[in-house]
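**Student:** Sequence:
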Amino acid sequence: MDNDQPCANSIIDDSQKKMMHRDIERKRRQEMAALYASLRSTLPPQSIKGKRSLADHMNDAVNHIKHLQTRIKELGAQRNDLKIQTSSPDLSCTSALGLAGNLSGSTGSSSSLLAGNFSRSRVAVNPCLGGVEIVIISCVTGGSAEPQGVVLSRLLQILLEQGLTVISCATTQVNKRLVYTIQSEVASL
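If you count by full-length UniProt numbering, then the sequence shown holds residues 1 to 189, one letter each, in order.
Treat the hints with care, as some may be off.
Claimed, not checked - Quick list of in silico lysine-lysine cross-link-like pairs, DSS-like style, CA-CA up to 25 Å:
no. : residue 1 : residue 2
1   : Lys49     : Lys66
2   : Lys73     : Lys51
3   : Lys73     : Lys83
4   : Lys17     : Lys27
Stated by the list, open to error - Beta-carbon label-pair distances, calculated as ranges:
no. : residue 1 : residue 2 : range
5   : Lys17     : Glu74     : 50 to 58 Å
6   : Pro44     : Lys18     : 26 to 34 Å
7   : Ser38     : Lys176    : 54 to 62 Å
8   : Asp81     : Ala34     : 40 to 48 Å
9   : Val135    : Ala37     : 43 to 51 Å
10  : Met58     : Ile167    : 31 to 39 Å
11  : Val166    : Asp81     : 16 to 24 Å
12  : Lys51     : Cys128    : 39 to 47 Å
Derived by calculation from the structure, the hints in this document are not laboratory data. Glycine residues also receive a C-beta, built at the ideal position from the N, C-alpha and C atoms.
Produce the complete structure using the sequences and hints provided.
**Tutor:** Written out as structure tokens, the structure is:
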């Protein structure tokens, strides 16, 4: 009988170990399912269309995170450029918007952001709710038939290319100068 007792205890211990192992494994699977559901909820809708495997969701999450990281770096660099430029009292339009590289490839005066003498124009870029406010004070005419100052359509096009959505744009004339006020925000990722 003494020999049966250790055998019975080992059977009970084995069955308890198996039950504990099953419980632990079930809880682990439940936790992982909750984590995967949370991950899927953070992915963009186009990534979770249709029935896809868990590995596909993981790959999409990795790609989405890499995309967001590069986008954050780009926007951070733009923000830093804007901060540096706003701290300077005398700003030029191209440097204030970080657009000098975009203008270097332009040919002809019609595709250039600037027409005429821009030395009398001033630009201020101020942060506002979720974006920036750009105020440009420019000369109206220089005595000839050609307008002086900023070509507004080109400026708006460059803002859109930089990932900014234009919310409002107002132009007023004060003492032979045009004052452009453009409010924009960062377009959604």
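**Student:** Which hints, by number, does the structure contradict?
**Tutor:** 2, 6
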